[in-house]
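Same order as they appear, the protein sequences are chains Z and Y. Heads up: the first sequence is residues 1 to 457, going by my numbering. Heads up: the second sequence is residues 1 to 172, going by my numbering.
In case anyone wonders, no lab produced these hints; they're calculated from the structure. Worth double-checking, as some hints may not be accurate.
Claimed, not checked - Calculated Cβ distances over 12 Å to all of chain Y for the following chain Z residues:
| hint | residue |
| --- | --- |
| 1 | 50 |
| 2 | 207 |
| 3 | 330 |
| 4 | 422 |
What the hints assert, rightly or not - Residues from chain Z shown here face chain Y by an in silico Cβ test under 10 Å; the list is partial:
| hint | residue |
| --- | --- |
| 5 | 152 |
| 6 | 158 |
| 7 | 180 |
Yeah, the Cβ is synthetic: ideal placement off N, Cα and C, and Gly gets one too.
Listed below, chain by chain, are the residues.
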Amino acid sequence: MQPASQATLEFLKLYWAPLLCGLAVVAVLPLIAGYVVLVERKIMADMQARLGPMRVGPHGLLQPIADAVKLLIKEDVIPDSADKLVFWLAPVLSVGAALLSLAGLAIGPAFQIAQDINIGILFVVGISAMGIFGIVLGGWASNSHYSLMGALRSSAQLVSYETAAGMALVSGLLFAGTLNIKSIVEAQREQGMWFVILAPVAFFTYLVASIAETNRAPFDLPEAESELVAGYMTEFSGFRWSLYFLAEYTNMIVVASVATTLFLGGWLRPFASVRWLDFLDFVPPLLMIAVGAYCVLRVPKQPSRMQQWFMLAVAGLCIALALVLAMPVIAPVLKASLREAAKPFFAGIHGGFWFLLKVSAYIYLFMWLRFTLPRYRFDQLMRLGWHFLIPLSIINVLLVGVAMIAGAYFHLHGWWLLLATTPAALVALVAALLILAAEKQSETRPDRAVPSDFYAG
Amino acid sequence: MLDKVIFYFFAGIAVGGAVLTVTRRNAVHSAIFLITSLLATAGIFLQLRAEFLFIVQIILYVGGIMVLFVFVIMLVNLDVAVRQIQFARQKWVALVIALALAAQVGLMLWSSAKMPGQGLPVLTAAPANQLPLNSEEVAKSLFDSYLLPFEIASVLLLVAMIGAVVMAKKRT
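Make the full structure from the sequences, and use the hints.
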């Protein structure tokens, strides 16, 4: 017993901080995912000129909690002919992979659960790719045709688009020269600009592929209601279903964070190395104060007493956040000796703000696309992946490599590197147009016998 | 002590998963246990501080090959296979080969314990913070010391890929 307890102690001594952070993530993420769902419903309502959820809490602010309670107390149904163990395992796998991949992400220079892993971005991508087993096994274990079809579709889709996403990441990583997440962001600071400017084609490819990988519209084929009921989730209900839902929204956060880290400068504020733009540091607290002031302004418009108090509470929360965000900016002005002490704190808090802002913007883009574009057909989806995105991303890796060699040859640094990368991006664009033209031609050819695709629906 | 606990944990899972892989009747269950076994192997790689190998194992074997395995298992009707005899009738040959292998490994371990320097190389443990970065080391050995074999292997893979495409395209 002695050595075992000693080992446990040793383990706890080494890893207590990451363990606590991991627990916090597991505890808080369902709440965040719930509110992302609420935001999505509100945005959808806004785009469709409706109000969206309004009943539970002021402006439906308590809706996610009501939803969660409903899902938790629902009857747990397992189909009779299902494979019980795999049916139990599948949603857990999905959620586990999604949550585990969050561990590798860095929200700010100081906020990272698995500190400084050398393979950083590969870890995030590789672990989150394992979530596909949850989908495939869940579809298989349900022992239902709709589920199986949905699972086959989604696994085919994920495997196809992972290639394109991986190639897009490679183009970005070529500029960074490292896999470590912190070093990637630092490389963007040294470069003086975000990699999205250097590799716009790669960012575009990653954007499309990441939408397909998270199974979101317009690529939400696995869940095409009109054809497959709810795809692989058909037989799942209550808590198990909500686990799948949590996995989906966590995956959204993960791909948004990867894109933010690699292409959008991670926790750096816009133009982090330009001194005369330092006033941007005042944006986070000012933004929070503005939101709080708007809430106060709206208080008289609320219908009931309760809602007015709630609105005031939200305003108070915003002001408190503004105070926290303002501290690093105000403290050096008040007292010079505080400047050095505040520096790490400063980077951490504001880094977190910018990172979350960019992640939110990316997720907003997802939602925007979802409510704008109609769903693809399965064969169109496959053609887009294999005939367009994968060739384009491979060509782009090649061109980015050539641009980097040219940049090194002519000693181009900073913004001068654009002289090499912009032509490369333009050539990639021309290649994309050529591919599209060739696709169109082969589509309209009359003698082409289209083989039936038996898992197309 | 902690290292030993972690090693035996992963090793136990890997061996147990491998045994269950070949004894399960249901092909999907076998695949799940194979995944477990591969993941445990990845854990051992990670414990040896070969983090690049760890993630490559997960991305390629678990995230790539096993997904295709499961895909094929679900597409192909396996009801016939379930009713057949599970093990082929080569168990005596297999037993002899397994015993020979075990004897070899045992001899190796025995000789390295008896005569230091003769059997397995005994390396002193390096402190973790002084190890070279794993992915950089792999890249250096692939693209520097072993460039030609690497290129030959990639050409072979390309040939295999083109062959697969040609075979898939052939209309009967």
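- Task: State the violated hints by number, sorted upward, taking the hints as numbered earlier in the document.
- Result: none
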